[in-house]
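Trainee: Listed here are the chains, written in short residue letters.
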Amino acid sequence: MTPLLQVSDISKYYGTRLGCRDVSFDLFPGEVMGIVGESGSGKSTLLGCLAGQFAPDTGEVLFDTRGEGARDTLKLSEPERRMLARTDWAFVHQHAREGLRMGVSAGGNVGERLMAVGARHYGDIRDQAIDWLGRVEIAEDRVDDKPTAFSGGMQQRLQIARNLVTGPRLVFMDEPTGGLDVSVQARLLDLLRGLVREMGLSAIIVTHDLAVVRLLADRLMVMKDGHVVETGLTDQVLDDPQHGYTQLLVSSVLQV
Amino acid sequence: MTDNAYNFAYLDEQTKRMIRRAILKGLAVPGYQVPFASREMPMPYGWGTGGVQVSAATLMPEDTLKVIDQGADDTTNAVSIRKFFEKTAGVATTEDTEKATVIQTRHRIPETPLSENQVLVYQVPIPEPLRFLEPRETETRKMHSLEEYGLMHVKLYEDISQHGAIATSYAYPVKVEGRYVMDPSPIPKFDNPKMSNCPAIQLFGAGREQRIYALPPYTKVVSLDFEDHPFDPSKAEHPCNLCGAEDSYLDEVITDDAGGRMFVCSDTDYCRARRDMGHQGAQIAAMEEEAGA
Chain A
19 MTPLLQVSDI
29 SKYYGTRLGC
39 RDVSFDLFPG
49 EVMGIVGESG
59 SGKSTLLGCL
69 AGQFAPDTGE
79 VLFDTRGEGA
89 RDTLKLSEPE
99 RRMLARTDWA
109 FVHQHAREGL
119 RMGVSAGGNV
129 GERLMAVGAR
139 HYGDIRDQAI
149 DWLGRVEIAE
159 DRVDDKPTAF
169 SGGMQQRLQI
179 ARNLVTGPRL
189 VFMDEPTGGL
199 DVSVQARLLD
209 LLRGLVREMG
219 LSAIIVTHDL
229 AVVRLLADRL
239 MVMKDGHVVE
249 TGLTDQVLDD
259 PQHGYTQLLV
269 SSVLQV
Chain B
3 MTDNAYNFAY
13 LDEQTKRMIR
23 RAILKGLAVP
33 GYQVPFASRE
43 MPMPYGWGTG
53 GVQVSAATLM
63 PEDTLKVIDQ
73 GADDTTNAVS
83 IRKFFEKTAG
93 VATTEDTEKA
103 TVIQTRHRIP
113 ETPLSENQVL
123 VYQVPIPEPL
133 RFLEPRETET
143 RKMHSLEEYG
153 LMHVKLYEDI
163 SQHGAIATSY
173 AYPVKVEGRY
183 VMDPSPIPKF
193 DNPKMSNCPA
203 IQLFGAGREQ
213 RIYALPPYTK
223 VVSLDFEDHP
233 FDPSKAEHPC
243 NLCGAEDSYL
253 DEVITDDAGG
263 RMFVCSDTDY
273 CRARRDMGHQ
283 GAQIAAMEEE
293 AGA
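Going down the list, the sequences are from chains A and B.
Going by the working numbering, the first sequence opens with residue 19, and the numbers climb by one from there.
Going by the working numbering, the second sequence opens with residue 3, and the numbers climb by one from there.
By construction, these hints were calculated from the structure, which means they are not laboratory data.
Straight-line distance between alpha carbons at most 16 Å, and here's what the computed EDC-like set of lysine to aspartate or glutamate pairs gives:
hint, chain 1, residue 1, chain 2, residue 2
1, B, 157, A, 163
2, B, 144, A, 96
3, B, 237, B, 254
4, B, 101, B, 75
5, A, 164, B, 161
6, B, 237, B, 249
7, A, 93, A, 78
8, B, 157, A, 162
9, B, 157, B, 136
10, B, 144, A, 98
11, B, 237, B, 248
12, B, 85, B, 75
13, B, 89, B, 64
14, B, 101, B, 118
15, B, 177, B, 150
If the Cβ cut is set under 7 Å, some of the chain B residues that face chain A in the computed set are:
hint, residue
16, 148
17, 152
18, 156
19, 159
20, 160
21, 163
22, 228
23, 229
24, 230
25, 231
Covered by chain B, according to a simulated footprint, are these stretches of chain A (three or more residues, beta-carbon under 8 Å):
hint, region
26, 93-101
27, 120-129
28, 139-151
Ideal placement from N, C-alpha and C gives every residue a C-beta, glycine not left out.
If we strip away everything but chain B, and leave its shape as in the complex, we get (with noise of 0.2 Å):
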């Protein structure tokens, strides 16, 4: 089969359209989760197949693509779906967040400032913040209508009475211009406060839950909270090992059964860009002593 088997970027011109249309009612009507009539796709759910369907619409010839995966370019999600796109759209790829157009996101925001120009695409796995509180989809459709949002401090109440402080650390629920409770996909509440007044566009794809919901630029987002528990998007306390980055959210990888670790930046093309400019983390300054000696 030749790639012009395909019509541009997978999906046929009609599928797109109305893909389209949720992704600008969800642009018009900021976190609420619009119904759309989600296709299947050639991986299986929960490898992004609401993500790509979103990107397949969003994608014109001349856009640039980047795909991360937990941060990183060079994880198998992030390259099937990379090469996904490579074939289906012959679209130009990049790792660089800055030359990207639309970027394809699973778990992570980039830490380089996001501009204008670019749409950033989540992976949504379970659309719905209320969920695990109230199982009846009716139920918790009615709760969004009426702004009911008690039960989403419940759960947050919990998490201080069991832990004494507030545990949820990814999927971290937001309140959107001050109306709609939103699920941000589960990235580490780290990366909360970047979705708030962020000049790019950012669409939320949940293929198996059939859901697309939207940021316009520059929206208001935040984060729940209490008043005595104010919210704190906490990272590990340590710099990259290497590319010494303080800002940045880290990775914990175990190097051996002694104990041994390390912490490393998840956004990769962030690390790579400080570490050619010439940054040094603990790791690679010692490796180049032992280098040198």
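Extracted from the complex, chain A is given alone in its bound form (with noise of 0.2 Å):
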């Protein structure tokens, strides 16, 4: 099997100070890859050089695309790298007013992205939308509300719909569930993972909550200082950590 994204040496540096170095790893179809570590970790700059927010210094970013195959997606123009974001790619940001326009309304919201591949018929868009807002659990009739009219978990869940409208193949999360109360935070997980199930969706989650990749993740990767220093899978990295910092990290979760 081809690996969807093939990550290999990047490295990231903001001035003289360490974003992040020599990371490099395979993520294959249908996968989902947790990034954890303590803030400052560089797994948010990580992020970034993937999904082609930031370049990175050095390192190259093969993403298998529909119809030509693997490319370097930082060598990619502009224009190219823009139209892979708004098709094959999906970025759910930690705030979703970062994610979201905040005044249009939800149909609006999740209608943009069809829109912007070329949908002009307002009846299948809004079917679209409808169709989107209901599998994330938002009612049909909040479709011409506003986000700053809904909750915190329901703009995420917005969000996540906004970005799976146009039938991603690959997902970046960057704290998907920050700032959300246990409760919400535990529908919204479970929905993602159905999410993720049913649409073969290949994930990269950065996070520092352990729980959530323990849920969601397969794979995992340990950063601190901006080095990978443990991967492997979910189960085996928590339950039997090697690196000393990731024992730290798991004797940390409090426990109830």
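Using the hints, build the complex out of the two chains.
Mentor: Listed below in structure tokens is the structure:
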């Protein structure tokens, strides 16, 4: 099987300060990769480099495109990369406000990606928007409400609907459950798990919440000070941590 | 101060050259907003400083100028700008659309079809059609250069979801030659079809925003819409009360505080010409009947 994403030797410096260094991994279709680590460990920098938001200083990111096979996304022209970003990729931000248009109705938010790839039939766009709102458990009668009228959990679910409507193959998530209370988190995770399985999505999830990766991720990468210190199957890493930092991380989780 | 104290058409020759370069670039890339070094004009921003600068750079001594404001030749803005060029350029002026070679307009396209020897200059308040959807100019420029116009349809989507139809009735966004999305200036959408395949040169000047854009003659201009909500160049469903025209854009005029109203052509020259030819609207007919009785 060809990997969907092949990442090799990604390094990113902010001036002389290290963002992340020499990160390599493969992501296969249908696989969910978790990246954990404390604040400042370089996990968001890494995600930004993979998703084309920052240019890393070294390394390459090969993405298996639908038409032309594996291509280095860092060398794509900007129109090509932006096209990829609104068709095959999706990016779920930690704060829903960053990923939504707060002045536009829920239906318009979901429909934007469809219209950006050329949909020009209002009825179809609206039907798809309502269908997707249903899948993320937002009632049909909220379709014309603005996200400002939604709760935090609903905004996050709306952001997910908006991202998945064009049927992407790779989803980047940056702390998708950050700032939500635990019962809302649980439902959101349940939903995400269902969507990932149902659509066969590949995903890269950055989080500092070990419970999130245990539920969602097949594989886990632990980062510290810009380096990857441990990788492996999620259960293996969490149940039998080898690196000192991973041991600290796992033992730091509060037991209720 | 004598009138000779002004250079021809107020602006100095170097400024006019700079503006003409921007106009030529705009004509070469239809619909693209060309930045230019807008000058202070002796009028406030929002009163047509962009249009006046474009007109000044376009006028030749042998030109005949017509200025309209919301279709009318006799409103303050139109009269002032006409007088301004009478004084500073000494060009002939007219109210007759057919006789004019340069027409500066605010918010209308004349009803009389334009011809190949005419230039139509629009006053533009906000040249960026994406402004209210995406406030960052850096981002909107990128969207234009990459042809990312999905957001424009989001605006129309919102209109339909809230009002059941596309409620945008003026400054209705258009796509030029299948490439640039352009703000047609706040003309009513009734006028949008007149922009397409027009024999005259159309120039757009935004003074405060420092942008010029242009449509060369016979450019294809398409109003954006949805397949199931096609573009509809609507107008008030009435004939003109003065000249009886059924095909012209109408102003609604409130005549008393008891619900009385009348509809009249917003293009005053068109209305007058029709009345001179003997056409009569309901109100004129009623008045004549009263006078005869």
